[in-house]
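The two chains are supplied separately, each in an independent frame; assemble them into the complex guided by the hints.
Chains as they are written, first to last, in my numbering: chain A, 1 to 97; chain B, 1 to 391.
Heads up, some of the hints might be wrong.
Under the rule of at most 27 Å between Cα atoms (straight-line distance), these lysine-lysine pairs were calculated in the BS3-like manner [to be verified]: (1) A:Lys11 x B:Lys378; (2) A:Lys11 x B:Lys345; (3) A:Lys11 x B:Lys221; (4) B:Lys232 x A:Lys3; (5) B:Lys347 x B:Lys378; (6) A:Lys3 x B:Lys347.
Note that these hints are calculated values from the structure, not bench results.
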Amino acid sequence: MTKAENEITWKDLEIGSIVTEPGNASQYRTGDWRSQKPIVDKDKCSKCTLCYIYCPEGCIEKDAEGYFEANLFYCKGCGICATECPKKAITMVEEEK
Amino acid sequence: MAKKVGMEVSIAIAEMVKQANADVVAAYPITPQTHVVEHLAELVANGELDAQYIPVESEHSAMSACLGSAATGARTFTATAGQGLELMHEVLYVASSMQLPVIMTVINRALSAPLSVWSDHSDAMSVRDTGWIQIFVENGQEAVDNVLCAFRIGEDQRVLLPVMVHLDGFHLSHMIEPILLPEQKEVDKFLPKNDYPLPLDPAKPVSMGDFGPPVIYTETKWAQEVNLRASKEIILQCWDEFGKQFKRHYHPVECYHSEDADVLLLTMGSFSETASMAIDKMRKEGKSVGQLRLRLWRPFPFDEFRQAVKKAKTLIILDRALSFGGPGGPVCSEIRSALYDEESKPKVVSFVGGLGGRDITVEGFEEIINKGIEISQKGSEKEFEIFGVRE
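Next up, chain B with everything else stripped away, as it sits in the complex (with noise of 0.2 Å):
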């Protein structure tokens, strides 16, 4: 049986790792990422995790160490934020295109300047084209569980890829939760061991990150492009088994009373189980309305999506990070962008708020949906709406 525990949701994650019995972790410490590399750390300092811990001196250190471990068939893990995960960038691309199942917490932390400790998604959305699969966790149950999921589908042999658990700093990482954390048994019996395929041995030599002239850059990438979106069904079928074990079912996009609802709110992390509070509220009210959270960010599930929101009249996007001089929100971009083609779709309003750790509260969620409920009526010269802003 699950042990049900009191803990901060970071030591949970560290926990988690050190059941999954990770080989290397390489990280760099930054706020509010610290804890869960701090408690790591202290597992192998203790000789509870058999595993090299490797204190690098920066974040572009610590993915590159990642890549080798990875690259050597080693169970890899790192975690990071904000300024972290922008220091890391080129070598995102280097680990998703050579393959390297590298798995990364990544606690959402808001991009300087100002500096800012406190959590948006301006960093996870920064990331979004360098070919990592992207999981957004709500809750602390949900961070654990979607660790030791990131292994099994990074790993899996079909895919191959790295992949990041996003959670939002403070709001999420710092909070003391219940959580049910598995028997080492359970872990052992849902997560197969690492054999990554083709790694660096002596005996079999093998090049990685070679020289890839113009006659074969276009082929790599198509091939890095069809692997990504394929590994959508992976990730399906991981969840799949989770439940059935587990019993805690996970999806590409969370429906919560959005099937008969002319009014659709979608939101991401911590944030979305507010917003959910408002849903309730409204609906009590007599409202239509409900609520999309979507959880896989990359690869896109388009069909889940599309088929989410198809009876809904309008559909009111928060996003947790800003496109400077662009669209606004880069999630309700690239929604519009993904219903633009199709015949009957809802009418979609951008919301821009929440950033550098800004709380909104179920009253704030209530005043998103009324606002945008009414844009959406009498329509709006602006690209999107930014939430709570001091006029």
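This is chain A alone, in the form it adopts within the complex (with noise of 0.2 Å):
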């Protein structure tokens, strides 16, 4: 779909509200679920990737420096990657308006 999710109006659906192409879920913005975001502490962080391998959301990217980052577009601020971060180098920050 090229329209933005809540401008597509009942005409525009498929028959039986099939969706007719594969994988678009991932244009479904699970980011915007979120109350808290991870913000990393690069000093702290030893690039293990338990929080790469932890994320449900799989939103969690290595960088160019190696480092590890949750897309925002994605993450839903569930707090397991700050939970299992053996160095505590992820803290999980209130979102702000």
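So this is what it looks like as structure tokens:
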């Protein structure tokens, strides 16, 4: 769909609301469910990858320097990465309007 | 030329499903539907019908298997009754909202408890909000004809909806009646191939029944409502085409001596023909009575219905189901609501009867009509009358 989800009218829907574009769930912004976001302290991070492995959303990516950071388009703010981090390098911070 | 045969109605339905060349039958046997699926299983086993027969472990599985089948574009049939329809309940909504044209005969059966295998409309009424097209028939010929029409209506690209054809258990399903079974070439002429537009296909992947968050759910439901309402025109067209080819005519509201009658009796299903005999008798006695038989229950034919009752002074409605603690009969309650805003409308009197296979005779219908006239004149403190209960 080219339209934003809140612009889709009932007439735009396929029969039976069938989805004809494979993998289009990647366009779904789950990031707006979040009330807290993970902030990484790169001085503490050992690049161990545990946050990357435990993230249930699969939204933690490796950056150019080899550090791991959540993609906030998808991150739901569950805080599992912060809990699992053995170096306590991740802090969950309240989202502000 | 069509062949006239003496045949049990259930068997004739299975024969019509064979003629419609169904690809998949997934069903669980339950009285009084058993003979339909039993005969279909025989036809498949004998090689007379080239179809996949899936003997599932429950009705919930039957309807679920039908979803998968219809999603591949296969012509899909099932049948059930009473408790079986209840066990399918949640999957019925999925079939209609995913627009999968599953065709099902519901051999109407009363709901437990106490356990009853006999007929009333409590099963049919409990699924009225599931988004299926619901057609009621009164005799074996109508059952066979409307099973054929159901395939054409449901699979029509402008509709794509599941269809229930309702017929009363035992009173109709187990009767041996003279039935005109069309020739195969007549069926082939009337029923185009099923061509589901977005079938499951690895070469062209689609996802069905996806997650619908609050931002889109309302739009999906409105699309469904618009589509079901719009299907009425296609149903009318189908019946019209059927009438031209087979010379048997069907309408959403069947009118019997209703045009000039002051008093109308509205019935559904197999009891309608008995009620017609009461109408004949009373008209001979000079009484201004007529009958309406509601054939199309969903989508509800508002225009045709309002037109049919326009001149009547009294409308007596027989429901074969009870909405406990509510307005009595579900059909009557919807009809009262359909008439509420009309400037000129008949007085509506509600009867509930014929529950769990209890027969209503010609004399019984006379009694209902006479009592109905009395109530319309004198009024009543009750929401509805229950017919034939022993005090």
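Cross-check of the supplied hints:
no.: 1; hint: A:Lys11 x B:Lys378; result: 51 Å, violated
no.: 2; hint: A:Lys11 x B:Lys345; result: 36 Å, violated
no.: 3; hint: A:Lys11 x B:Lys221; result: 11 Å, holds
no.: 4; hint: B:Lys232 x A:Lys3; result: 31 Å, violated
no.: 5; hint: B:Lys347 x B:Lys378; result: 11 Å, holds
no.: 6; hint: A:Lys3 x B:Lys347; result: 51 Å, violated
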